[in-house]
Structures are given as C-alpha cells and as structure tokens.
Amino acid sequence: MRILMATDDIQIDRRILQEGKTLVNEGHEVILLARWSEGRPSHEIIDGIKIERLGAPGIITGNQPEMTDEPNEDLGESDDGQADPEIAGSSGGDVISASSTKDERTFWEKLRRWWKLYGLSMFPRMVWLIGLKIHYRIRTLILVAIYRLRTFILIADYKLRTLALTIPYKLRQRGGAIVSKSISFVEAAQDGWRSSNGQMRRVRALSSLYDISLAQRIVYYDPDVIHAHDLPQLIAAVLAKEELRTPLVYDAHELYPEIITLTPAQQSSLSKREKLLVNFCDAIITVNPFLADEMAGRYDIPAPHVIRNCAEAPPGLIPGRRLRRFEETLPISPEDKILLYQGWFSPHRGLQYLVEAMAKAPAHVVLVLMGYGDTKDELWRIVEKEHLEQSVFIHDAVPQAELLFWTASADAGIIPYQPVDLNSRYCSPNKLFEFIQAGLPMIVNDLPYLRSVVKTEGFGVVEKLAGIEDYASAIRTMFDEDLGGPERFKNNLIEKGHSYSWEVEQKRLVDIYHALAWDESSQLPSARMASV
Amino acid sequence: MKIFHGPLNIAGQAGVLARAQRKLGFDAWAFCYSTGFARFSSDWQSSPPASMLSALKLLWLIFARERNFDCFHFYFGHSLAGYTLLDIPLLKKVGKKVFFYFCGCDARDSKFEIKNHEISACSCCWPMLCSANRREAIRVAREFADGIFVSTPDLLEFIPEAVLLPQPIDLDDLHSHLKGIPVAQPMGRPLIDRPVRVAHAPSDSNIKGTKFVVAAVEKLRKKAINVELVLMQNKTHDEVLSIYATCDIVVDQLLVGAYGLVAVEAMAFGKPVICYIRDDLIPLYPPGMPVISAGPKDIYDVLGDWVTHPEWWNEKGSAAKEYVESVHDAEVVAKMCIDCYETRV
Chain H
14 MRILMATDDI
24 QIDRRILQEG
34 KTLVNEGHEV
44 ILLARWSEGR
54 PSHEIIDGIK
64 IERLGAPGII
74 TGNQPEMTDE
84 PNEDLGESDD
94 GQADPEIAGS
104 SGGDVISASS
114 TKDERTFWEK
124 LRRWWKLYGL
134 SMFPRMVWLI
144 GLKIHYRIRT
154 LILVAIYRLR
164 TFILIADYKL
174 RTLALTIPYK
184 LRQRGGAIVS
194 KSISFVEAAQ
204 DGWRSSNGQM
214 RRVRALSSLY
224 DISLAQRIVY
234 YDPDVIHAHD
244 LPQLIAAVLA
254 KEELRTPLVY
264 DAHELYPEII
274 TLTPAQQSSL
284 SKREKLLVNF
294 CDAIITVNPF
304 LADEMAGRYD
314 IPAPHVIRNC
324 AEAPPGLIPG
334 RRLRRFEETL
344 PISPEDKILL
354 YQGWFSPHRG
364 LQYLVEAMAK
374 APAHVVLVLM
384 GYGDTKDELW
394 RIVEKEHLEQ
404 SVFIHDAVPQ
414 AELLFWTASA
424 DAGIIPYQPV
434 DLNSRYCSPN
444 KLFEFIQAGL
454 PMIVNDLPYL
464 RSVVKTEGFG
474 VVEKLAGIED
484 YASAIRTMFD
494 EDLGGPERFK
504 NNLIEKGHSY
514 SWEVEQKRLV
524 DIYHALAWDE
534 SSQLPSARMA
544 SV
Chain V
12 MKIFHGPLNI
22 AGQAGVLARA
32 QRKLGFDAWA
42 FCYSTGFARF
52 SSDWQSSPPA
62 SMLSALKLLW
72 LIFARERNFD
82 CFHFYFGHSL
92 AGYTLLDIPL
102 LKKVGKKVFF
112 YFCGCDARDS
122 KFEIKNHEIS
132 ACSCCWPMLC
142 SANRREAIRV
152 AREFADGIFV
162 STPDLLEFIP
172 EAVLLPQPID
182 LDDLHSHLKG
192 IPVAQPMGRP
202 LIDRPVRVAH
212 APSDSNIKGT
222 KFVVAAVEKL
232 RKKAINVELV
242 LMQNKTHDEV
252 LSIYATCDIV
262 VDQLLVGAYG
272 LVAVEAMAFG
282 KPVICYIRDD
292 LIPLYPPGMP
302 VISAGPKDIY
312 DVLGDWVTHP
322 EWWNEKGSAA
332 KEYVESVHDA
342 EVVAKMCIDC
352 YETRV
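Chains as they are written, first to last, in my numbering: chain H, 14 to 545; chain V, 12 to 356.
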C-alpha cells in the first residue's frame, strides 16, 4: 500500500527515516512530504523513501505539462506582452474615428453659419449665450432641490409620527424572534459540536492556507494511509483523510503545546487543537510512556502506542569498542578521556553550564561538543573566557550514517537537558538511544524517562544537573577511576543494548500498521470515527 | 463537420491527426499551445493563456474569428478551460461532440501500477508525473464525452470502455526528414567498419528505464562487442528523427509495458525496435506486432542478440514498416476517429 508521511522538518529526523525504511522493507510504497530549504533537492529518494520537499521555487512536478512564456503572436502580442494595436485594436479604432467625424461636421457647419450672419460680433454673442445657459441651468437645479427637500420633510414628518406609535409593538415582536432564534442556534451548535460533522467544520475553520495546500498535495498522491508527524501536519492530514476516507496515524514526537518558545495563549490554542484533532486519528504514536500517559490524561483518549526513538546500529559498529576519530581530527591526547555531547546546541539544554563545569572537571577529561546551532558562538565565548581551549572542543555535525562511529569514539556521553517545560521533562532524546547502540556510558539529568532507562538498566550516572557544581560532580563521578570509570557501565550496555535497538522497536510499528484493519474495497473509516 | 484538435499537442498527435483528417476531406484544425522543448507543429499555436483576458481572447479566436466547431477532440485530460474541464458540460449543452484522448500519465494510476505489476514505470517515477486531474478527467470523460480514446493498451486497465486509438504518424512528413541524411541500411552481415548504433531517446530517463539500457550497452562493450549508445535527451522532434535514420537499432523504453511514439517512428524508418511489452497486453495489439520485447532483467541478453545478428535486422525492419503503414499511418488512424465521431450520438 501507499503510505504518505508528512513532516515539518527540513533536516528530516532520524525517527521518520527509520520508520519509512521499515515500511519500505515491509513492501509498502512510502512518500514523505517535508520542507524545502536552499541547497536541498526538491525530490530525492533515501533508503527507498520518496521524498518531496514542499516550497521549492519554480518546480514543475508533473501536475501540468510544461508551459512557456512566449508572446502570443497570433493575437498580436509583442515581446513585452503588449497588444499590437494594428492587429488587436483595429476594430475599436474604426468605431472611434467614425463618431468624431460626425461631431466635427456639425460643429463646423454651425460655426460657418454664425460667421455669415454676425461676422466678428459672433464672439461676444457666443459668450452671452453660454452665460445664459449656465444661468438657467443653475436656477433649475435650485428650484428642483427646494421642491425635493420640501417633499422629503413632509414625508419624514409623517413617517416619524407613525414610528412613534408602532415602535414599542414592533420591538416586542422583533425581540421575541431574536431570542427564539438564539436558542435554536445554541442548541444546533451544541448538537453540531457533538457530531463528527460539527468537529469537521471546526477543523476546516482552523485550517490555514498552508494546511489546505498540504492537504491538496496529500490528496494528489492518493495514499492508503496518512502518517502525520507532529501537530503542525495534523490539520492537513485530517482534511485529506476526510476526502480520501483513509486511516490516519498521528506520530507525536513531542508534546507540541508544551514547547517553551510558545506563549501561554499559543499553548492553550494548540492544546485545544490537538484535543480536537486526535479524535480523527486511527492510531496515535508517541515516543515514551510518560508522554503517552500525559496525552491520555489530557485528551481523555486511550494511551497512545509507544515507539521509542531507538537507533539502528550501522554495519561494522561493535558496541562498546572504542574508536579514535576525535583524536585523529582534534588536538586530543590519547590518554585523555572524552566526554561527548552530540546534537543541537540549544540554549535550553544546559550547555553553558556544562562548558563552565569543565573548569572543575578532572584534568584528564575533555569535552567535545559535536553538532550545530546558534549557541555555538556563545559557547566559544565561554571557552575563551574560562581559558578552556585545552579542555573543550567544538566539532561540526557529521552525517547520520557516520554518527554512531563518532559516538563510539568517546568515553562517555552527556544528556544535560533541562526541564524547562513539560516536553523537556518527559524527553527521550535520540542521543540516548544512539549512546546505547554505540555502547557509550552516559551522564543524564534526573528526568523521569532518562532515569527510568539509565538508572534502571545501569547505563550510566543519573544526577540532578541544576548548576555548574552539579555538572562537575557528575563528571567526577563518571570518570572516578576508583569506582571503575566509565567502563563499569559497558557490560550492561553490551548485554541490554540490543533491546533498545530499532531492529527490535520497528516491530511495534509494523504491528500498528497490521492492526489498522480497514476494508480496502469500501475504505471505511475507523471504529473511532464511526462512534462519534 | 468541423473538428477541433487541441489545446495540448502531446507528441504532436493533435497536429498530425488534424492534417490527416483534412486529407480525408474533413474540416479539421489543430489549435495548440506551443509547449515543451520538442516543438511539435500544429495549424495554429499560442502560449497557454496566463490571464482571464488572454483566455477570453483565445476563446474568441477559436469560436468567433476562425470557425464554429462541431466536434472537439481533447488531449491529455485538458480542454479549453485547462485542467478544470469546466467547459465540457457547456459544450455538450450547446450540442457539440466531445472526445477525449488519454495518452499516459493523464489516466494511469501509479498506485495501482506499482501494486499490481512487478515492472512498471511508475515505480521509478519520481517526482510523480501523474496528472493532478486524472481522476476528474476520467470522470468527466465518462459522464459527458461522446467517446474516449487511449493511445496504449495499458490504459484500458483504467478506462476499459475506451477505444484503443494507435498513435498516428505522418509517414510523408517522416520520410521527408530522410532527405540528405545518410540512412543506416541493414547490411545483412556483421559490421566491421563502424560500431552498431543503438538509439535511445527518453523524454524522462527514470520512467523509460534509461539506466538499464546504459548498463546493458556498457556490459556489451566490456565484452568487446562494438556497440555505441546514441542517447538523445532535450532534443527537438526533428533532431531526434534525423538521428534515428542513422542508427541501426532503437530502444524505446523498458518499464511502461507498451510502446510509444518513439517506437512507431523508429519502425517507420525500418529499424528493429526493442521495447518492454507486458505479456497481458500483447493480445490487445493487432496481430503481427513486430516490437521485440525486453525488460530490465533481459535487456542485456536481447540487445546482445540483436546487436550481434545484423542479418535479422532487414526482415524485422521490413515487417515493422508494413505494420506501421497498416496500423499507425495518420490517415488510417484519422479514419478510425472519423468513424467514431460519426457513429457516437
């Protein structure tokens, strides 16, 4: 079957590509609609997933045959698009010249006759005649205006007196009609709200031009299943589902209304929107049990399926085996221990404290920040200010296909996410699973899901990372040779890491798709929609 | 009966059919947009109307200034109102006859193709070239049109009630391209003074399976077989025809399952043509269809056989020419059209 996935990503998330690849391997056709940006192709195929990036300028995607902008020579258009008057305007020109000739003959005849009668005195006579005409015209206008004003006043007087007698009676009648109509409207609105048609009307009312365009694009591909990644795609997916009558899978990578960059009003609006839209979904997926429970409680729905952001170990990677890529590219001594942060340099991930904490970390520990983001300059300033050039290194992001080899080139990883919002509190970041697949012990902030994995499985150190001292303490704990250093966690990672691999996790996705039981011939909606 | 062909001139079909119908004594004209790089000719050409004013000018030109048509023959799911097809009910209301000619991606359902056929052009087609209005065009055609034509038998899967109208070619015009051009005549013996020239002219290399053709030729060359691939892309129609004449074998496409206009023109030049023909479609062609079928998996073997046996070319080329003259000649096809126009009420 044809599965259409929609995402707002420009840099497509690893999770989406993994899910797409799994479905391709199951024999399905997977099309992914993503966002375009400069330097990226409008269409490409990655791991069998057909990717279209929306918003690329001037791309003809086969919807209509190629068009040119040549001038319409047969209609008399020149290169600048202007009509050639000789061709396009010939009939109009003939009409204009005919009427002006007639006026000229009449005027000149009159002039000739006056000259014969009056000679030069015709000129003051003409002025006198024109003045007389103007005088009579103005007098007529004034008389007409006075007559009309008098008539208006008489009529207005009559009407006002009539109104004064009838207003109370009419108001009583009109007021009653308004009240009864209001009652009917509210009752209808209440019924409408409860019905699926009413909900669909609300969805359409919330749709923006982008949602409608995206929905049209989804409909063009005529998929058998629509798979929307994150809330921004969900309205378009619901609109397309309504037209195509196909199952809809909503894959919530995060609790979108809780993102810290949103204002309280935006958060409230998005929360209501998500609450409305989840009713249209045939299956809801999220990334960890905490988010699943939160969504279930918030929206009064059964707990969504959980598909974790597990990573796929590339061929050739041996979990727990230390590689040396950083030593080859950065001035790091082979005796030093490398603490690795990888990913987006977000301002809310505690990276500033992490860098400053390196001043208090053991001397043989160096920090490598590998990734991308606007905070890079700020981090460099901290490094220079604290004179940490020998202890902190910033490395550019690497391609996803090579990432885990670089991850395996460190001694320990760190996930310092701060609980700035509910989303971050319940986070289960990609790097957690990448560290596990690479067999890399890790330091994580004491957040619910991170604790449930790292502490329970013995994958590393879990400590509250609120300030610089906390970071320094956690680093000292991880690299304490008396305790065994990072190596003390490696056995657990090697033994249990496979259960956190995508190879195991993808079966849940396949099961979800198998459970999307729909009648292909009639394309019935899901049981959820049928009951609304 | 005054017949309108247009406004899209897919592969020049509108212009060719209109000229052929005029030769048969009918008042047929092709009014087409000048689109694409191939620049097919028609009786009257214009840019597609970009504004309401230019659209109205175009309609005025067609209906008032030129002639009042009785029968409209539209191509590729487009009508005078573009892909919206809003004019079709109006044309029927005023008593005009309307015929649709579907040529490929304007009717083909890629989802069905990928799901049901192991080899299909749609599986390699990305970006997807399906017409956005394909379902609507078929619906409108079924509801309003007096008749529906399809150019290849694979489209009968989607419109079973359609009439298979073979792609028309103007043989006189075709052979005029041979004047002054050294035509590669089948020698009947192995070529020793030059490589065997294999022509391939894909309008879209993804859906025509160009990579398989290139790989097969490369493999043959590695086996010291003296073969040269003449790959033609972004060439005008005239240029392509001129190059065909100098080649020995023509490969049309390896994925669609039916042969296209490229194959017809090559056969008209008396060239052996290799093209993937789906097994279930072979009975739908007229008997004696001379195209040599080969797909991505066996193109190397089939091409290898034909490249190394030039003594086969003459017989196949002659059969191909006869087939084209009896099935694809523009006047033969035009007559089929006229019969449909006159019998459909």
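In case anyone wonders, no lab produced these hints; they're calculated from the structure. Be a bit skeptical, because a hint or two may be false.
As the list claims (entries may be wrong) - A few chain H residues that don't get close to chain V, going by computed Cβ distances all over 12 Å:
id, residue
1, R15
2, G40
3, L124
4, S220
5, K477
6, A479
Unchecked claim - Going by beta-carbon spacing under 8 Å, a handful of chain H positions derived as facing chain V:
id, residue
7, I58
8, K63
9, E65
10, Y233
Glycine is no exception: its CB is placed at the ideal position from the N, C-alpha and C atoms.
Status of each hint after checking the structure:
1. R15: violated (5 Å)
2. G40: The assertion about H:G40 is violated, with a minimum of 10 Å to chain V.
3. L124: holds (42 Å)
4. S220: holds (20 Å)
5. K477: Non-interface label on H:K477 holds, nearest chain V Cβ at 49 Å vs cutoff 12 Å.
6. A479: For H:A479, whose nearest Cβ neighbour in chain V is about 50 Å away, the distance exceeds 12 Å, so it holds.
7. I58: holds (6 Å)
8. K63: With a closest approach of 5 Å, the H:K63 hint holds.
9. E65: holds (7 Å)
10. Y233: holds (5 Å)
Taken one by one, the earlier hints fail for this structure at numbers 1, 2, listed in ascending order.
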